[in-house]
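Q: Each chain is listed here by its residues.
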Amino acid sequence: MEIVKTENVRKVYRLGKTYIEALKRVNLRIEEGKMICIMGPSGSGKSTLLHIIGAIDYPTEGKVFVYNTDLSNLDDSQLAEFRNKVIGFIFQAFNLIPVLTAYENVEYPLLLQRMTRRERKRRVEEILESTGIKHLANQRPNELSGGERQRVAIARALVTNPKIVIADEPTANLDHKTGSMILELMKDLNTRYKTTFIFSTHDPLVSKYADEVIQLMDGEIVNNIQEDKNDNF
Amino acid sequence: MIIFKISLRSVLRNKRRTLITLLSIIIGIVSITVYSGFITYSMWGLRESTIRNGLGHLQISTDEKFFLLGSFDPYSFLIKDYKSVMRKIMSIPEVKTVVPEITFSATLACRERSAIAMVKAFPSNISSDVLSFRNIIEGRDIIEDTAREIVLSRGVAEKLGVKVGDILTIMGVTKGGGLNAMDVEVVGISSSGLREIDNMYAYMGLKAAKDFLFVQDVPLLVVLLEKTEYTDKVYNYLVNEMIPVSKEKLFVKKWNELADYYNQAKGFYDTLLSVIRLIVILIVIFAILNTMVMSVFERVREIGTMRAMGTKKSKILLMFMLEGTIIGLIGGVIGVLIGFGLCYVINMSGGIYIPPPPGMNEGYRALFSPPLRSIWENIILAFVVSIIGSIYPALRSTKFSIAEALRYI
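Chains as they are written, first to last, in my numbering: chain A, 1 to 233; chain B, 1 to 409.
Simulated from the structure, these hints should not be mistaken for lab results.
Some hints could be false.
Per label pair, the in silico range of CB-to-CB distance [claimed, not checked]:
1. B:298 with A:176: 51 to 59 Å
2. A:18 with B:272: 41 to 49 Å
3. B:12 with A:126: 38 to 46 Å
4. B:278 with A:173: 31 to 39 Å
5. B:19 with A:146: 45 to 53 Å
6. A:139 with B:314: 55 to 63 Å
7. A:63 with B:396: 44 to 52 Å
Distance condition first, Cα-Cα at most 25 Å in a straight line; then the derived DSS-like pairs of lysine-lysine [what the hints assert, rightly or not]:
8. B:312 with A:17
9. A:85 with B:399
10. A:163 with B:312
11. B:399 with A:121
12. B:312 with A:121
13. A:24 with A:194
14. B:5 with A:121
15. B:5 with A:85
16. B:312 with A:85
17. A:163 with B:313
18. A:85 with A:24
Ideal Cβ placement from N, Cα and C applies to all residues, glycine included.
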């Protein structure tokens with residue numbers, strides 16, 4: 001089943017007096033449960049595409065369907081609810097809320113939903129266990145290493161059981177070894193929970209964790225490769 | 001709840017900035033508290049001294065016109081059988097005493113000088129109740145009601161160039177319209193602290209004055225109550241219950257309708273307090289505004305992240321409103337505590353010497369007694385003002401698009 005479908009998505013930014021075309025007629029289909037990598041140099045439109053799929057930015061033209069929902073039909077408040085229930089976000093700079101502990105950061109998205117305290121606790125503890133950071137539950141973000149922070153962010157993204165996790169360059173702020181561990185964790189969770197992962201990177205080594213790699217160049221998809229695990233890309 | 005937690009912890013995040021903001025709020029609230037304490041005490045002092053300088057809490061005559069013309073023409077307003085009226089009023093429990101009084105203008109002359117004075121005459125045995133704030137600074141008070149003696153205010157004595165023991169001639173118009181004169185001995189010189197009174201008044205025994213003016217009755221009864229707070233209660237009783245059934249036509253005025261100087265001073269100090277309050281309000285608004293704008297711009301990415309996770313704009317708005325309000329409330333509470341503490345310390349050390357205010361000829365030691373209601377008034381002030389100061393930054397926090405906020409460095 002298709003979980004993401006874009007039709008002729010175009011995005012134009014205004015920068016002072018000039019217009020920048022970040023995306024040019026992007027047509028994309030993503031199957032549910034896959035791990036998708038969007039690759040391309042910086043400025044190729046990776047973040048913009050992820051933001052549009054993640055319902056935090058609007059296309060200038062074209063339509064986006066995520067989980068059978070036409071995003072252009074939703075208002076601000078409906079979009080917020082949609083993001084909370086359907087999408088999980090992981091960011092390059094982790095973006096944890098600095099004044100909350102690891103536990104509270106992970107719990108945060110659940111607090112936006114109606115849920116009993118007991119159910120919240122069960123879910124948070126389960127995901128902290130799965131991401132291997134249960135022992136860090138009471139630490140604040142500034143007491144954690146980069147890898148630990150990204151694990152908290154992953155736990156936070158997954159705690160709501162989202163259909164899609166969007167990760168914008170999740171390993172860019174990590175060293176290679178930690179980055180690999182994070183991707184292995186993501187792959188593991190993808191297999192275990194059947195959650196669709198869409199992540200971006202410009203590191204070819206990272207792309208090998210993906211089921212599918214989408215190459216983006218100057219706002220256009222230049223190829224759409226079914227990743228062959230034996231092929232040394 | 002989580003939003004409140006984030007706001008509260010964010011307040012503590014940038015400790016130095018929060019501290020500076022708090023400090024400006026605290027200084028503002030402390031100055032309002034201390035200043036209102038000073039004004040409250042000084043106004044209380046002025047009120048009580050005005051009342052005890054002869055005004056009383058209530059004044060009763062036969063007509064409202066008396067309070068305009070009475071000193072020039074006391075004879076048109078004489079209360080017949082004033083002694084029975086006095087007895088009725090004295091039976092009210094809140095009444096401390098009732099003093100019959102007659103004030104008339106007279107010319108005082110001694111050797112080659114003369115001066116016009118208002119002569120206030122009342123029974124000598126109760127004078128200290130009504131005029132306890134009139135200090136005899138030289139000589140003695142009038143002891144014998146019938147004695148041909150006079151006490152001069154300081155200013156009047158200076159104008160005439162007389163001292164205790166001198167003999168004056170007093171001249172005035174009697175009830176029938178004739179001119180009368182008699183010699184009186186200056187037995188004392190007094191000071192009230194109020195220059196306008198000290199330049200105008202002289203005091204005599206009531207019986208001596210009645211004989212001099214050929215009258216049996218008085219035009220004015222001055223009512224002194226146990227406490228100033230009873231004024232309205234007794235006034236209402238007199239106007240609604242006693243006077244309607246009295247055979248005498250009577251008219252009552254409250255002290256605050258007659259205390260012109262007090263009312264002016266109160267108006268002046270209240271305005272001053274409003275100005276100081278306004279300045280403090282502006283300072284607090286700008287302190288909060290500045291801090292909260294910084295806080296918002298420092299956390300744009302955090303805002304973007306929270307919005308991406310599905311937090312609604314209204315919650316983001318609430319988060320920053322709460323943050324500003326928490327700072328305002330803490331500042332308000334600490335400000336009031338320090339303000340009251342400071343007043344207590346000043347009072348314990350005996351107050352602060354204040355030089356003579358305009359219209360007064362004596363300074364005084366001011367104590368600081370901020371009214372109790374200023375506790376919650378000032379806390380509410382800090383609270384409301386910090387809400388106002390947070391509105392713009394909080395609104396601003398919702399204006400970023402999420403994608404823009406996430407890119408923000």
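Q: Work down the list of hints and note, for each, if the structure agrees.
A: Hint check results:
no.	hint	result
1	B:298 with A:176: 51 to 59 Å	violated, 31 Å
2	A:18 with B:272: 41 to 49 Å	violated, 58 Å
3	B:12 with A:126: 38 to 46 Å	violated, 31 Å
4	B:278 with A:173: 31 to 39 Å	violated, 50 Å
5	B:19 with A:146: 45 to 53 Å	violated, 31 Å
6	A:139 with B:314: 55 to 63 Å	violated, 30 Å
7	A:63 with B:396: 44 to 52 Å	violated, 32 Å
8	B:312 with A:17	violated, 32 Å
9	A:85 with B:399	holds, 23 Å
10	A:163 with B:312	holds, 20 Å
11	B:399 with A:121	violated, 33 Å
12	B:312 with A:121	holds, 23 Å
13	A:24 with A:194	violated, 31 Å
14	B:5 with A:121	holds, 18 Å
15	B:5 with A:85	holds, 23 Å
16	B:312 with A:85	holds, 13 Å
17	A:163 with B:313	holds, 23 Å
18	A:85 with A:24	violated, 29 Å
Checked against the numbered hints listed earlier, the structure breaks hints 1, 2, 3, 4, 5, 6, 7, 8, 11, 13, 18; every other hint is satisfied.
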